[in-house]
Each structure stands twice: as C-alpha cells, then as structure tokens.
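> Assemble the dimeric complex from its two separately framed chains, guided by the hints.
If you read the sequences in order, they're chains A and B.
Residues in the first sequence are numbered consecutively from 1, following the numbering used here.
Residues in the second sequence are numbered consecutively from 1, following the numbering used here.
Because the hints were derived from the structure by calculation, they are not lab data.
Treat the hints loosely; a few may be bogus.
[Said to hold, decoys possible] Calculated cross-link-like contacts (lysine-lysine; reagent style BS3-like; alpha-carbon spacing at most 25 Å):
#1 Lys384(A) / Lys2(B)
#2 Lys2(B) / Lys46(B)
#3 Lys63(A) / Lys240(A)
#4 Lys203(A) / Lys88(A)
#5 Lys401(A) / Lys384(A)
#6 Lys46(B) / Lys44(A)
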Amino acid sequence: MRGSSGAKVPAWSKGHPEATGKANRMSDLKQTALHDLHVELGAKMVPFAGYSMPVQYPLGVMKEHLHTRAAAGLFDVSHMGQVVVRAKSGSYDDAALAMESLVPVDVLGLGEMRQRYAMFTDPNGGILDDLMLANLGDHLFVVVNAGCKDDDIALMKEALSDRCGIEVLDDRALLALQGPKAEAALARFQPSVADMKFMDVAKDVDIDGITVTLSRSGYTGEDGYEISVANDDAVALARKLLALEEVEPIGLGARDSLRLEGGLCLYGHDIDTTTTPVEAALNWAIQKVRRNDGERAGGFPGAGVILQQLADGAPRKRVGLLPEGRAPMREGVAIFDAAEGGNEVGTVTSGGFGPTVGGPVAMGYVTAEHAKVDTPLWGEVRGKRLPLTVTKMPFVAANFKR
Amino acid sequence: MKFTEEHEWLRVEGDEVVVGITTHAAEQLGDVVFVELPEEGTVVSKDDEVVVIESVKAASDILAPIDGEITEVNSALTDNPSMVNDDPQGEAWFFKLKFTDASQMDDFMDEATYQKFIG
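Isolated chain B, as found in the complex (with noise of 0.2 Å):
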C-alpha cells in the first residue's frame, strides 16, 4: 500500500489503483456523514477533485492522485458514509482508477515514511 500526502491510500490492483483514506484522516475528519462519488467512465487528471466527502465537522475533496479513468466507484458508501470511520483501510475504499502512466505511483510513501510524516 502506498500512501499520499493528502492522506489516502492507493493499493495497486494490475492496472487500476484503489483509493481511500487513512485511518489517521479519517480520525480528524470525525463522523462522516455524507460522501459523493464520481460517475464511473470519468477521466480525471492528477489533483482533480473527485470525491466530496462530509463530515459533522466539514466538507472535504479526495483528489485524483494520478492521472486516469474511474472505472468502479464503492456506492455502498453513499447509503452508508459512516464505513469511513468504522474501517477506513479496508472496506471504505472510494474508487478504482485505471491508471495511464505508471510511473506516477513512484512518488507516494511507503507505510513508515508515511507514519512518520503524520508524526
């Protein structure tokens, strides 16, 4: 797994990534209450704003963090936004993107750096 500076998380799965949050910020964020995802077919360029997620504290963006094509997003989530805070890692990922130019994952932290950048 590799991780951002915006604090998700993307897990390579062939050619598509899987993305989601930490459990670090899904812990600042608090209660999420609400989450929109993008329509599947999308192309988004890297730092797009894909996702809006809220909590009862405020309203956040997920960003693309490569360049790509959505091709699933987790719809469970709309129903049920509070999987974000029950299991952030695992069964609350946002969505899976098809990536064009793979060499874009080489710039993400590996699990320790990125302990150590949330101190």
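Isolated chain A (complex conformation) (with noise of 0.2 Å):
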C-alpha cells in the first residue's frame, strides 16, 4: 500500500506543502497553551501553519465528526491570530471606519457586542485572508487564520497605524466549543452565555472563576461559542470543559470535514489571492452600504473589480459539488461538461467524505453558465469521469440560534 499518485492530501496531513513548508521539524514549530494537554489526551499532532496541532484524538476523524453534530466537541484554535485595533481617538467608530479601508464590509454598522464576517481584499480584488470581526465598544476585536496572520498584522499596521493602536494578543488562547449540545455545556457554568444569539459577543464573563471574552459563533455550521481566554487558564478552563460528559477534544481533521459539509471556505483551498468575494460566492458578506450607490461604496482594495462583479455576476463561482458514487473527489479534482470529451468548466478546491451527509461532499469553482443548483457535470478522478451535481451548500443545515 502507498499513497496514490496524483492525489492531493488533506491541508492537515504530514505530506501537504502547508504543513511542512514553514517548519517542517518538530522543533521549530510553535505551540499553543493546549500542546501538552494534547499530547496527554492521546492526539497525533501534525504540522499545521507553523505549529504543532491535534489532527485528532483517539477518537478518530469520523467518530469526531459525529460527536460534534450529536453533542459538543471542544477544539483548540489558539494558532489563530486574535489582535485588538483601537482607534487613537478611542472611539469605535474611528477604527470602525479605518478598517473599512480594507474590508469590503460595513464594520462601522456593526452593532455593539457583535461580530461579523470580514475577507481583507488586495488591489486586484483578491482575498488576502478571511477573518472575524467584533464591535467590543470601545474597540475592534480580529480574528484572523494563523497562516497568514503575520501578513495580516503588517497590513494591519502600516494601513492604520496612523489612526489606529494594533496590539496583538500572543498571551490569549482560543477555544471553540461547537455543536448542539455547546450551549448546555457552557451554562453549567454560566447561564448567561445561552441567552446570547448567533454572533452576539461578550467580555469579562465568568466561566467557573475563569474570565473569558467569547462569541457565540465557530465554524462547523453547527451551534457553539468561540472563547477567548489567558493562556495561564487556557488549560484549566479546558478540562473543565472537557470533564463535562457532552463534551470530546476534536482535531483539525474533523474541523475540516465539519466545515466543509457546513459551505464554509478554508483559506488557502477555496479562497485566496486569484478568487474575489464574488467568485467565492460571498456577496452576503458584503453589505449594501459598501456597494455601488451605497452611503460608504468602495473605499477597499480591488473595490473597482468587486463592485464590478456584484453588479454584471462573476465569469466563475464557488458551489457545492455532490459526487454520486462514493468515491471522495478532493482538491485539484478537474471538472468537467460532458461524460466524455466536452470542456473543462473547473476545479474542486475541497473535497473529501462528509460523515453526516454518508458520502463525498465536495465545493469548488466552475464558469457561471455551469453554476447553477442541479446542473450535472463530472469530475475526473484517477482517469475516469464520475458523475456529479451542482448542489446548494451547507449540505447539512446549519444549527445557529438566530
């Protein structure tokens, strides 16, 4: 047995570029408050964007999958870059308003103690990240991939600097506790945190005698919060959590395959510096007030191309891809308009085996005549053309409480 040639793997496993390029010995990859708790719980840990991370527990991918959606699972995000923007006026609406120089977003709308979704766009209308958004009041709170968090502070810096502090916070851990069963984890400690609503956000809540800023978000389509915590506590409020009968330690392998089945883009697959907000189908993310006759239209980076896209549509768009055998398509998977001969139309950018859905799921890019829900097309696998169907996406219905 080997690894089959020509396939790509997973953005998680041992022989992924991303996984090695940075820092491929162990000793040189960073660690986050969690590691040695990691370690002890059982997990394998890979390379993951210059750190050592858990690409699973015991458990194993697919029964973590599972718990997730049934219950709660408990996953260390701590690699990702958690960095506070505030305005040297102090106000928020002075930061709000500096970030929308690189956001295509309505950050000053944004309601306090409420987050959002945001994407930094380059000149070419490109996506240099994805990132969350929070109104902390007096503050802006990001949350940005820790693959590119350190091109993501610099730009940070050098676009608001002169009206705008950047503190990045390498002293705070970040947990995400997702699934239907989060809300009644969490509330044993604290009955507060089931009142919040879908991105509603709040600081200095007591969890157990630990204080945490969380957000009742994550990004696995199902329920949960996103919690922000000291790394000096990172460990203790963890096994507080884990203690708890509902809630299991999850890896970035079922991370994956959770947000995949959820629609949910992973930077660096379905999005990056050669797909705008547009082609990725995230034009919901873009509030009207940033468009074409909007009160603050443009004003972001590759604002011309974007606008321009959301007004004429995008030569190519990112859809859900339901294979119908059960053989995985995954990234790099060549799509195409006719069982045999025809035109190439376009690519998946992530794909693999949903366990809820108890097939391949897969999304990726193809031209616009062909995105539309149902269109049949195939994919090429290993030489043969397979059959496929443009699907709406999430493929399992979200689990938010609205």
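As structure tokens, then:
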C-alpha cells in the first residue's frame, strides 16, 4: 500500500506543503497553551501553519465529526491570530472607518457586542485572508487565520497605524466549543451564555472562576461558542469543559470535514488571492452600504473589480458539488461538462468524505454558466469521469441560534 | 502469513494468495470511506496499482505483490469500507491472486520481521 500517485492530501496531513513548508522539524514549530494537554489526551500532533496541532484524538476523525454534530466538541484554535484595533481617538467608529479601508464590509454599522465575517482584499479584488470582526464598544477585536496572521498584522499596521493602535494578543488562547449541546455544557458554568444569539459577543464573562471573552459563533455549521481566554487559564478551562459528559476534544481532521459539510471556505484552498469575494459566493458578506450607490460605496482594495462583479456577475463561481458515487473527489479534481470529451469547466478546491452526509462532498469553482443548482457535471478521478451535481450549500443544515 | 514493506499481508491458499492490509496500515490510514476493487480475471504484474483505498485523510493504492491473475475480490468492502478498520487482517481481505511464479513469495517478511520493520 502506498500513497496514491497524484492524489492531493488534505491540508492537515503530513505530506501537505502547508504542513511542512514553513517549519518541517517539530522543534521549529510553535505550540499553543494547550499543547501538553493534547499530548496527554493522546492526540496525533502534526505541523499546521507553523504550529504543532492535534489532527485527531483516539476517537478518530469520523467519530469526532459525528460527536460534534450530536453533542459538543472542543477545538483548540489558539493558532489563529487575535488582534485588538483601537483608534487613537478612543472611538469605535474611528477604528471601524479605518478598518473599512481594508475590507468590503460594513464595520461602522456593526452593533456593539456583535461580530461579523469579513475578508481583507487586494488591489486585484483577490482575498488576502478571511477574518472575524467584533465591536467591543471602544475597540475592534479581530481574529485572523494562523497561516496569514503575520501578513495580516503587517497589513493592518501599515494601513491603520496613523489612526489606530494594533495590539496582538499573543498571551491569549482561543477555544471553540461546537455542537447542539454546546449551550447546555457552557451554561452549567455560566447560565447567561444561553441568552446569547448567533454572532453575539460578551466580554469579561465568568466561567467557573475564569474570565473570558466569547462569541456565539464557530466554523462547523453548528451552534456554539468561540472563547478567548488568557494562556494561563486555558488548560484549566479546557479541563473543566472536557470533564463534562457531552464534550470530547476534536482535532483538525474533523474540523475540516465539519466546515466542508457546512459549506465554509478554507483559506488557501477555497479562497486566496486568485479568487474574488464574488467568485467565492461571499456576496452576502458585502453589505449594501459598501456597494454601488451605498453611503460608503467602495473605498477598499480591489473595489473596482469587486463592485463591477457584484453588479454584472463573475465569470466563475464557488459552488457545492455532490458526487453521485462513493468515491471522494478531492482538491484538484478537474470538472467537465460531459461524460466524454466536452470542456473542462472547473476544479474542486475542497472535497472528501462527509461523515454526516454519509458520502462524498466537495466544493469548487465552475464557470458561471454551469453554476446553477442541479447542473449535472463530471469530475475526473484517476482518469475516469464520475458524475456529480451542483448542489446548494451547506450540505448539512446549519444549526445556529438566531 | 507473509508481509510486504508496503504493509500488505499475504496468505497462500493452494495456488492462490489472499491479499489485505495490515492492522498497522489500517491504523495509519484512519477511517476508510471508499474502496475500489479490480475486476476478476484481470492479469496483473508485480507493483501494478490494483486497489484504491480512500480514508478520511487521503487516497492510497494497494499494489500487486506478485505477478498473477485476480481470481476473486471481496465486494463486501465496496458497500462497507469500514470493515477495513474493523478487521483488517481477517474479514477485510481485498482480493485473491493466482500466482504464476511461486518463488516471488520468498521475498516477503514473516510476522516477527514485519513487527520489527514497523518498529
């Protein structure tokens, strides 16, 4: 048995360039505050974005995935960057307006203690990273991807430093508690978290003696919370949560299949500098106020391209792809408009087995004329064209507390 | 039972050899979600890619350990790929191969040597 020739491996597996490129010796890798706990729990640790991270625990990827959809899973996402952007004036509005020069999103209109999805764009309309923005009253709280965080911080410092202070919170961990029983689990320690709605944020919340800032959000398609906690308290908080019957630790492997079933983009795979937000079907993240005829239309990098595509449509679009058989269609699989001959009309950017769907699921880019739901297409796997159908995402209904 | 460096086990039954993957290989693969078997009657050469296995992590191939003809495949695996994780060295055999040159079997490891090989 050996690795299949030409088969791309997932981002978190050992052979992937992202896993080995930056730091391929374990000794060069950074560790999160929970590293020793992962090892103690029996995690298989792999290099990911310069960090040593748990790809799976003894439960295994499949059961970890299903457990998260049925109960609650605890994820260490401390490798992501947590950044405070605070206007020198001390006003949230000034920080928000400054940030609007980097993202095509309504930051000024974000309610106090509310969070919103955003993306940094480049002058060509490409995506430099996707991120979360939260209005914490007198400042913006920003969470960015691990693999992009050095560039993101440099970008914010360069673009915003005249008006804002940029503070990187290296001393904080980030835990995600996800799943239908996440609320019940966390509410045992702090009943008020049950009152939070999807994308609400709360700060200085006491969780059994530990002070945290948390949001009702996540990246699995499930209800849940993302919890920012001081590194010094992170292990104690994780142990409290893991001691609950409904909570299991979940690794990057299941995180990937959960977000894929949830139709959510993985930066560096489904979105990057070669994809615009409109091509990526992220139009919903660009509020009217930043679009043509909006009060603060444009004013972000790549606005010309992005606003034109919003008005006229993009030449290609990210869509859900449901393979008909059992064969997974992974990143890089070419998509055709016919079982034989025909034209290549797209590429899979993320794909694999969806444990909750019970079969293969994928997403990728296809030309606009083939992007309509129910369009029959074919993916070429090991030289064979296998049928698939353009499908609405998410593949598993989202379970948010709106 | 004999073992290959590619983590396959081989069990000789008359003039046929039954081929599967080792417990160690199944553990490394993780949850198996897809198995594609060859057609019965296919004539293969040593190191031909005969079976595709996909786990939640990646795709792998099983190579023909020796020259021969595929006489039977375990089609239960197609409908129930998780058998590979549940019983890799028992129920989850992949195919039977009628060999043409029995001396090719001499190259493989016995169980003790294989255990040392995977360390």
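> With reference to the structure, classify each hint as holding or not holding.
A quick look at each hint next to the structure:
1. Lys384(A) / Lys2(B): violated, 33 Å
2. Lys2(B) / Lys46(B): Answer holds: Lys2(B) to Lys46(B) is near 16 Å, not above 25 Å.
3. Lys63(A) / Lys240(A): Holds, at about 22 Å.
4. Lys203(A) / Lys88(A): holds, 21 Å
5. Lys401(A) / Lys384(A): violated, 43 Å
6. Lys46(B) / Lys44(A): Status violated; Cα separation ~34 Å.
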